[in-house]
Amino acid sequence: MTTLWDTTGTAVVKALAAERRQAGSVSSGLALTLVVVVDEKNVADAEAAATRAAAQHPCRLLVVVRRRPDAPEPRLDAEVLIGGRLGPGEAVVMRMYGRLALHAESVVLPLLAPDAPVVTWWYGEPPNRIAHDPLGVFADRRITDCSLAADEIAALHRRAEDYAPGDTDLGWTRTTLWRALCASAFDSVQGPVTSARVGGAPGHVTRALLAGWLQRRLGVDVQVDDLEGTGLSVVEITAGDVTVSVTRGKGSGAQLTRTGQPDRTLPLPRRELGDLLAEELRRLDPDEVYAEALEAATGSSGLADRSAHRTHIWHDPVESDDPDPALTVT
Amino acid sequence: MSNPLRDPRDRRLPRVPDPCVLVVFGVTGDLARKKLIPAVYDLANRGLLPPGFVLLGFARRDWGDGDFESVAKEAARKGARTEFKDEVWQRLAEAIRFLPGSFDDDRAFDTLASTLTELDGTHGTQGNAAFYLSIPPSAFPIVLQQMERTGMADNSRSGGWRRVVVEKPFGHDLPSSQELNNLVDKVFTAHDVFRIDHYLGKETVQNMLALRFANELFEPIWNAHHIDSVQITMAEDVGIESRAAFYEQTGAARDVLQNHLLQLMALTAMEEPASFDAESLRIEKRKVLSAIKPPKDLAAYAVRGQYDQGWLAGQRVQAYRAEKDVAADSRTETFAAVRLEVESRRWAGVPFYLRTGKRLPRRVTEIAVLFRKAPHLPFAKTDTEELGSNQLVVRVQPDEGMTLRFGSKVPGSAMEVRDVAMDFLYGEAFTESSPEAYERLLLDVLLGDASLFPHNQEVEDSWRVIDPIEKWWAEQNDSGGEPELYRAGEWGPKGADDMLARDGRTWRRP
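Residue numbers (the working numbering), protein chains in the order written: chain A, 1 to 330; chain B, 1001 to 1510.
The set of hints was computed from the structure by calculation and includes no laboratory data.
Only a predicted model underlies this, so the values are computations on that prediction, with no experimental measurement involved.
Where is the CB? At the ideal position from N, CA and C, for every residue including glycine.
Where hints are given, some of them may not hold.
Partner residues are not named here, just some residues of chain A that face chain B (Cβ under 8 Å, in silico) [claimed, not checked]:
| hint | residue |
| --- | --- |
| 1 | Leu112 |
| 2 | Ala113 |
| 3 | Arg179 |
| 4 | Arg217 |
| 5 | Val220 |
| 6 | Asp221 |
| 7 | Gly251 |
| 8 | Gln255 |
Cross-link-like lysine-lysine pairs, in silico, BS3-like; alpha carbons within 30 Å at most [as the list claims (entries may be wrong)]:
| hint | chain 1 | residue 1 | chain 2 | residue 2 |
| --- | --- | --- | --- | --- |
| 9 | A | Lys250 | B | Lys1085 |
| 10 | B | Lys1078 | A | Lys250 |
| 11 | A | Lys14 | B | Lys1073 |
| 12 | B | Lys1073 | A | Lys250 |
| 13 | B | Lys1168 | B | Lys1293 |
Input sequences plus hints: build the corresponding full structure.
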């Protein structure tokens, strides 16, 4: 491990190269670079999740912590690790102070693994516009998490307005196990769907996306019910006289009921953040199914036809009336 | 009507089989405990089993459902690749059944048939069942007869699908394998028969197809113009362990060469399939297998060996003939090396050297493609003395991955070229733990995807290659010949080295 105080990007690049030489194996199998944007108080959680995901997808991990954009002097502190706290791969944790926080790409760009895809993950309130953050502009895939916003549904609408192919949200990742259960429960059901219902906590982004997905796939209006508890509780689909429903039970199971068949309990674990992230890293092409679910959930259209490329829009959170949370730092 | 919730673009959703029963005959055996049950647990843990799934064990034990469940739980806890979670097991345990009975017991099979019908009602299994025959080949005829008698194997009578999974050995020569195939195919329809060759479930083996057919880089040079020879090795450091009775009858060629090595060779040598469905793959594999000819000069190109006592990994190990239940004058081969050729334009003149053995220095399976030397070297002869031939090595196990060897300049003022290796390690570029072969294959059986299972024709074609070699060795035995001894812990008998030396080549040390 190398720790550099008040350093420069060039020194970080050199330190990484030195660490790699020292580690012996100059690894060539990097699948991607994962850039994590996080604020100081959440660094430990983000590191743990990224380490877990990196164990499944070998990547270079670049953690960017923006601090005090109003600090009078810009400053960079960095920690370079290989095979240490952050798993077996290569990792650089950078803290950027002052105006440097707004020019993070100047440090990050030379650190990207050559020609490997770049994924940027904001662990915190999602950006208002991804184009405000240069770390999102050069990424091939951008992961936000609307469930961390104060108003999840408003954040989801912002994601739809700002959408470009290659965007994804962990709120959508959280629907995967539910969607898998619904799909396999529905495999042997014949005939057109007459109604569908989703129940869960009000204002919950995963509930909204799941309802959007069902609406899009089944072609019916999906009734959305407010229920107590956290997250999603129930999905129910009726086709003619057959009703299939998946209900979250206690612990990590779900009850599957279907007209005319015995009830069954199936696994529905609450997944760790690291596993959600790992699922996102599995595929790096645009997720069209997400785009459709997002359209249906927010009443927008034409998302998949937008350009996948963004151009950086200069945004100074210190001067702005509506500072972008991605750049607003602690 | 297809399920509107399934969308081919939605690749997050896993492929989950239809509701079904997995019936395991011989569920108390080694394979079931070490591989099958852990694989079932891993599938459950990864959420890849359907809502209506039942594991039904059948064996000659006086057990109830509970006894079997606790044995299975122990097996899963010990053998599972993924983390063992009680709650996952709890849910699986609800769907575990056991039926005691021997294979000649009509009543037991009647009960099995009625249980399957019953499960359709209680677990919604819709008449789907896969039968896993984890039993000695000698028991096949009686079990299959029982299935035929009770109509268990009949797709239309059950209202769902009925599939059967067969483990190797698929016979011991061409006539016996044909007999076995006829028997199985008569009871089940041919496309419902899944022959497991667990090597084909390994990621690296499937990656051979990706490597060859997804890249521009390799296929243009994948022919006799550029390839000098191919060496396929499967080495084991263990002896025969407790399999003496089986091994005495079988030997290395039948045990490994006929199935694993010929399948690896087929994947290396086959032409591009029209698509990656089971049928197209089989067509190409069959084509190349039928073009493989046994060596004409068997005395020179079919070498067999048997391990003598020696030292391996710091321990003294005994000779094959001193192993328990092995005849003191046994002529069973524990090592086999052959030179095969593929009679096609692509491969004309390229020898494929296949070898397998027990008590070799380390456990390793690899396919090494050795390229020709560059036709002209514009360097002084002394500059390239250390330059070998370019090699592409696919490591099947362990350290799944690939190595590319090529010449590179040694740093310094002199022009000196030496071999260097570029390594791709599977675990480094993709997910940390790729699924176990059995896990993958079992899932494929339940999904009805036969691409990774050898077809009966492939099995028969493979025997056509092996039979003349076995016959030659048997003739040698009759005239007093025997396998050449090699010390345990070395890379096979001298005859194997001589075989390559005759062609002006040497074995690659894996």
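If you test the structure against every hint from before, which numbers come out violated? Failing hints, ascending: 1, 2, 5, 6, 8, 11.
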